[in-house]
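S.K.: Please construct the entire structure, taking both the sequences and the accompanying hints into account.
Protein chains: 2
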Amino acid sequence: MNLTFTRTLCALTLGAGMAVALVAQAQSPSAEDQIKFRKAGYSFMSWNMGKIKAQVVDGSVAYDPAQVEAAARAIAGIANSGMGALFGPGTDEDVGDQRTRARPELFQNFPDVATLGNNMNRAADNLLEQAQTGDQAKIRAAFGELGQTCKACHDKYRAR
Amino acid sequence: MNLTFTRTLCALTLGAGMAVALVAQAQSPSAEDQIKFRKAGYSFMSWNMGKIKAQVVDGSVAYDPAQVEAAARAIAGIANSGMGALFGPGTDEDVGDQRTRARPELFQNFPDVATLGNNMNRAADNLLEQAQTGDQAKIRAAFGELGQTCKACHDKYRAR
Numbered sequence: 001m002n003l004t005f006t007r008t009l010c011a012l013t014l015g016a017g018m019a020v021a022l023v024a025q026a027q028s029p030s031a032e033d034q035i036k037f038r039k040a041g042y043s044f045m046s047w048n049m050g051k052i053k054a055q056v057v058d059g060s061v062a063y064d065p066a067q068v069e070a071a072a073r074a075i076a077g078i079a080n081s082g083m084g085a086l087f088g089p090g091t092d093e094d095v096g097d098q099r100t101r102a103r104p105e106l107f108q109n110f111p112d113v114a115t116l117g118n119n120m121n122r123a124a125d126n127l128l129e130q131a132q133t134g135d136q137a138k139i140r141a142a143f144g145e146l147g148q149t150c151k152a153c154h155d156k157y158r159a160r
Numbered sequence: 001m002n003l004t005f006t007r008t009l010c011a012l013t014l015g016a017g018m019a020v021a022l023v024a025q026a027q028s029p030s031a032e033d034q035i036k037f038r039k040a041g042y043s044f045m046s047w048n049m050g051k052i053k054a055q056v057v058d059g060s061v062a063y064d065p066a067q068v069e070a071a072a073r074a075i076a077g078i079a080n081s082g083m084g085a086l087f088g089p090g091t092d093e094d095v096g097d098q099r100t101r102a103r104p105e106l107f108q109n110f111p112d113v114a115t116l117g118n119n120m121n122r123a124a125d126n127l128l129e130q131a132q133t134g135d136q137a138k139i140r141a142a143f144g145e146l147g148q149t150c151k152a153c154h155d156k157y158r159a160r
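Each protein sequence line maps, in turn, to chains A and B. Per the UniProt record's numbering, residue 1 is the first one in the first sequence, and the count goes up by one each step. Per the UniProt record's numbering, residue 1 is the first one in the second sequence, and the count goes up by one each step.
Do not take every clue at face value.
You can't tell identical chains apart in this list, so a pair holds if it fits in one copy or across any two.
Using 20 angstroms as the maximum straight-line C-alpha spacing, the simulated EDC-like pairs for lysine to aspartate or glutamate come out as follows [stated by the list, open to error]:
id, residue 1, residue 2
1, Lys138, Glu93
2, Lys53, Asp33
3, Lys53, Asp94
4, Lys138, Asp33
5, Lys39, Asp97
6, Lys138, Asp112
7, Lys53, Asp135
8, Lys156, Glu129
9, Lys138, Asp92
10, Lys138, Glu69
11, Lys156, Asp64
In short, the hints are calculated from the structure, not lab data.
M.R.: As structure tokens, this is what we get:
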């Protein structure tokens, strides 16, 4: 292998590597923003869970089928948006202004986390399906099941 | 009107007033949480707008129809979840740990804000509809239209 060829090969390899890095950069927000966005997603889901709880579980607010369906649609939309991409390298600890309660174990057990995440997504889809029936007993059951999938992950992978 | 009747009427009126207050309390998170939740919703929408932009507008990331549809679904779900409820009394200024960039004018022009909000919701619904076609030109146009509805509100009601 002559020197020119080696240099060209190195340049091409470096170029390809940089291209991959640039694509990765375009795909992934900074570690700080990943933490910000994932917390935003969970936070917005919690607001909508609260509305469904008040209307269908506690009964502290009158049941409004359209509101409950809209809340369930927001939850399902967020859950299924690919939040796994927001647990990238460097997001296992506080970054900049962002604090995370994700435990180190989360980043060491991605297959298990993915299973728990998929359970949440399926439960969120089911809550939306039941919300569309307008049957409060079914919505209540689906809400409870979704809550269990949240808790399953919090218990293992979220700091108290 | 005898005294007993007056007292009873007062008690009933007070009771009804308290009941309304309790329901209002159950419906509305604290002012601090309202700001937190609305910022979370807009933040999570922006992450998903970024993914669609990278794939369909900039082309910096390969187009993945399922990802773009999921992103559009999250945006539409959040937009249509009734975020107007997160601009309640006391949320026109920083509260506790929450900073807001909402300008005072927003809280003095609710009919206009509602119009702008409805424009956003319809544009978000259209983006989801176009995302489901898989036609990148249509998705790009719908993305641009949604972006304009975001900008229309930011220009008038969000501090720089």
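S.K.: Within a copy, between copies, both or neither: where do Lys138 and Asp33 come within 20 angstroms Cα-Cα?
M.R.: neither (37 angstroms within a copy, 29 angstroms between copies)
S.K.: If the cutoff is 20 angstroms on CA atoms, where do Lys39 and Asp97 land: within, between, both or neither? Let me know, please.
M.R.: Classified as both; 13 angstroms inside a copy, 15 angstroms across copies.
S.K.: Up to 20 angstroms between alpha-carbons, please classify Lys138 paired with Asp112: within, between, both or neither.
M.R.: Classified as neither: same-chain Cα gap 28 angstroms, cross-chain 38 angstroms, threshold 20 angstroms.
S.K.: Within, between, both or neither: how does the pair Lys156, Asp64 come out at a Cα-Cα threshold of 20 angstroms?
M.R.: neither (34 angstroms within a copy, 32 angstroms between copies)
S.K.: Reference check for the pair Lys156 and Glu129, CA-CA at most 20 angstroms: within, between, both, or neither?
M.R.: Result: close neither inside a copy nor across copies, 28 angstroms intra and 38 angstroms inter.
S.K.: For Lys53 and Asp135, with the copy left unspecified, which applies at a CA distance of at most 20 angstroms: within, between, both, or neither?
M.R.: within (14 angstroms within a copy, 39 angstroms between copies)
S.K.: Is it within, between, both or neither when you check Lys53 against Asp94 at 20 angstroms Cα-Cα?
M.R.: Result: close neither inside a copy nor across copies, 31 angstroms intra and 28 angstroms inter.
S.K.: Using 20 angstroms as the alpha-carbon threshold, which applies to Lys138 and Asp92: within, between, both, or neither?
M.R.: Classified as neither: same-chain Cα gap 37 angstroms, cross-chain 38 angstroms, threshold 20 angstroms.
S.K.: With identical chains, the pair Lys53 and Asp33 could be close in the same copy or across copies; at 20 angstroms between alpha carbons, which is it: within, between, both, or neither?
M.R.: between (30 angstroms within a copy, 17 angstroms between copies)
S.K.: With identical chains treated as interchangeable, where does the CA-CA distance between Lys138 and Glu69 reach 20 angstroms or less: within a copy, between copies, both, or neither?
M.R.: within (13 angstroms within a copy, 28 angstroms between copies)
S.K.: Regarding Lys138 and Glu93, is the shortest C-alpha distance of 20 angstroms or less found within a copy, between copies, in both, or in neither?
M.R.: neither (39 angstroms within a copy, 40 angstroms between copies)
The structure does not agree with the numbered hints 1, 3, 4, 6, 8, 9 and 11 stated previously, though it agrees with the rest.
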